[in-house]
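Required output: the full structure, derived from the provided sequences and hints.
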Amino acid sequence: MSSAAELADELAQETLDLVAVTGDSDLIRQVSEKLATSSTVAQEAFMSAVRLRMAIARAKEFLDEKRIAANSAQKSE
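Under the working numbering, the first residue of the sequence shown is numbered 1, with each subsequent residue one higher.
Some hints could be false.
Listed next, with one range per pair, are the computed distances between beta-carbon atoms [unchecked claim]:
id : residue 1 : residue 2 : range
1  : Glu77     : Ser39     : 52 to 62 Å
2  : Leu18     : Ile56     : 10 to 20 Å
3  : Ser76     : Ala5      : 44 to 54 Å
4  : Lys66     : Ala36     : 32 to 42 Å
5  : Leu52     : Gln74     : 24 to 34 Å
6  : Arg29     : Ser2      : 21 to 31 Å
7  : Asn71     : Ser48     : 31 to 41 Å
8  : Ser3      : Lys75     : 46 to 56 Å
For the record, the hints were derived by calculation from the structure and aren't laboratory data.
None of the values given here were measured: they were computed from a predicted structure.
Using N, Cα and C, we set each Cβ at its ideal position, and we do this for glycine too.
Next up, the structure:
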């Protein structure tokens with residue numbers, strides 16, 4: 001991962017952590033706009049990192065649900 005991508009990923013994680021605490025998903029847009037005023041490359045890297053992290057989180061939730069269902073099915077047998 002390039003240093004720009006690493007920085008964008010760190011910022012994405014920080015932003016998503018704050019969204020989780022505050023419930024304000026508009027923070028993502030606000031940070032994105034701040035980045036865009038000085039670097040569209042940074043803004044695009046940030047948004048890519050946000051989308052990737054959100055997609056991975058959804059996939060992990062899906063797998064957790066499947067794991068719980070499988071464990072419940074095994075216990076009831």
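Structure-based check of each hint:
no.	hint	result
1	Glu77 / Ser39: 52 to 62 Å	holds (56 Å)
2	Leu18 / Ile56: 10 to 20 Å	holds (18 Å)
3	Ser76 / Ala5: 44 to 54 Å	holds (46 Å)
4	Lys66 / Ala36: 32 to 42 Å	holds (38 Å)
5	Leu52 / Gln74: 24 to 34 Å	holds (33 Å)
6	Arg29 / Ser2: 21 to 31 Å	holds (24 Å)
7	Asn71 / Ser48: 31 to 41 Å	holds (35 Å)
8	Ser3 / Lys75: 46 to 56 Å	holds (48 Å)
When the structure is compared with the earlier hints, no violation turns up for any of them.
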